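Visitor: Sequence:
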Amino acid sequence: MSVEPERVNGEADEPGWEVDPDDEWGLAVLATVGRQLKLRREAVGMRVPEFAVAVGYGEDLVYKVEGGKRIPRPEYLDKSEDVLGADGLISAMKEDVEKVRYPKKVRDLAESEAKAIEFGVYVGLSLHGLLQTPEHARALFEVSQSAYSAGEMDRLIAARMARKTIFERSPAPMLSFVQEEVTLRRQVGGTMVWRQQLEHLAEVAELRNVTFQVMPTDSGAHPGLSGKIEVLKFEDGTAVGRSDGAFNGRPTSELKQLRILELRYSTIRAQALTPRESLAFIEHLLGET
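Using the numbering used here, read the sequence shown as starting at 1 and increasing by one per residue.
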């Protein structure tokens, strides 16, 4: 009688663990990891069915991981390390595999944020990802009509939260946020999630390297009404900017275009509440809950 290997967390059938077909670096990493796993398994004389039982996953997942077609969880690599006695070889691959879990565009964004010494952003329709709590982010994904699986949603939330290491960097970058009043009043996720989000914003707003401002709804027209604006500056003197309402929404490093974005962002900051007034506004909203 054959024994059906245990499938942990349904990973064998979880679409969220498939690598982006356009992610060349991710595909190369998974191909290398899969090849090494297969070589180690064959070196100790284990067939796939035997190995699957030993690590507690399905045979189909083992074949997909070894073929570079599925992103293995950290637990899968840990169990493979133990079963195969790989002397740290498999564990050494966990860092790159962890990066592959996040979509390429998120990795690229996180890389830019990690290098920035100044970061300014205006957001009109929702809270910026760097300001969101995990619960707030989950509530947004749940209403996105994208039919994410539970695992895929966890992956996206983890990727968004991983970017928040920017707040822990040393030396700390200068961060500036301008948010529309409506994004703070909208009770995303319900009253409790909303209150926790406001409390988190109040904590972030008091960080010494963060300037947080609220754009009042009654402030009238301003340059951000056409969409989000971001400007990142780097230590070598270069910069990159993007706006939904300029240059086809594409990132730009052209000096003339950056000046336009910086002027728009400066105008927005001038029309917004001061940082002190903005913190008082958050505290006022908290008092209403």
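Check before you lean on any hint, since a few could be wrong.
[As the list claims (entries may be wrong)] With a straight-line Cα cutoff of 25 Å, these simulated PhoX-like cross-link-like pairs (lysine-lysine) come out: (1) Lys94 x Lys115; (2) Lys64 x Lys38; (3) Lys79 x Lys164; (4) Lys115 x Lys38; (5) Lys38 x Lys99; (6) Lys99 x Lys115.
[Said to hold, decoys possible] Simulated restraints on C-beta separations: (7) Ser91 x Pro49: 23 to 33 Å; (8) Phe141 x Lys115: 22 to 32 Å; (9) Leu225 x Thr274: 19 to 29 Å; (10) Asp96 x Glu277: 20 to 30 Å; (11) Ser170 x Glu206: 16 to 26 Å; (12) Met192 x Thr274: 23 to 33 Å; (13) Met192 x Gln257: 19 to 29 Å; (14) Leu225 x Ser146: 53 to 63 Å; (15) Arg208 x Gly237: 40 to 50 Å; (16) Ser146 x Asp82: 33 to 43 Å; (17) Asp82 x Ala150: 24 to 34 Å; (18) Ser266 x Ser170: 24 to 34 Å; (19) Glu206 x Pro171: 43 to 53 Å.
For the record, the hints were derived by calculation from the structure and aren't laboratory data.
What you are looking at is a predicted structure, and each value in this text was computed from that prediction instead of being measured.
For every residue, glycine included, the Cβ atom is placed at its ideal position computed from N, Cα and C.
Visitor: Could you tell me whether the CB distance from Met192 to Gln257 stays inside 19 to 29 Å?
Guide: Since the Cβ atoms of Met192 and Gln257 sit about 43 Å apart, the hinted range of 19 to 29 Å is violated.
Visitor: Range first: 19 to 29 Å. Now tell me if the beta carbons of Leu225 and Thr274 are that far apart.
Guide: Holds, since Leu225 and Thr274 (Cβ atoms, about 21 Å apart) stay within the stated range.
Visitor: Lying within 16 to 26 Å: is that true of the beta-carbon distance Ser170 to Glu206?
Guide: Since Ser170 and Glu206 have Cβ atoms about 18 Å apart, the given range 16 to 26 Å holds.
Visitor: Is it true that Asp82 and Ala150 lie within 24 to 34 Å of each other by Cβ?
Guide: 27 Å, holds
Visitor: Given the hint that Lys79 pairs with Lys164, does the C-alpha gap stay at or below 25 Å?
Guide: Distance of about 29 Å is beyond 25 Å: violated.
Visitor: For the pair supplied as a hint, Lys99 and Lys115, confirm whether the alpha-carbon distance does not exceed 25 Å.
Guide: 17 Å, holds
Visitor: Are Ser266 and Ser170 spaced within 24 to 34 Å by their CB atoms?
Guide: 28 Å, holds
Visitor: Could you see if the CB distance from Ser91 to Pro49 stays within 23 to 33 Å?
Guide: 24 Å, holds
Visitor: Measuring from beta carbon to beta carbon, are Leu225 and Ser146 in 53 to 63 Å?
Guide: 27 Å, violated
Visitor: Do the beta carbons of Met192 and Thr274 sit within 23 to 33 Å of each other?
Guide: 29 Å, holds
Visitor: For Phe141 and Lys115, compare the CB-CB distance with the range 22 to 32 Å and indicate the outcome.
Guide: Since Phe141 and Lys115 have Cβ atoms about 27 Å apart, the given range 22 to 32 Å holds.
Visitor: Is 43 to 53 Å right for how far apart the beta carbons of Glu206 and Pro171 are?
Guide: 19 Å, violated
Hints 3, 4, 10, 13, 14, 15 and 19 from the list above are not met by this structure, while the remaining hints are.
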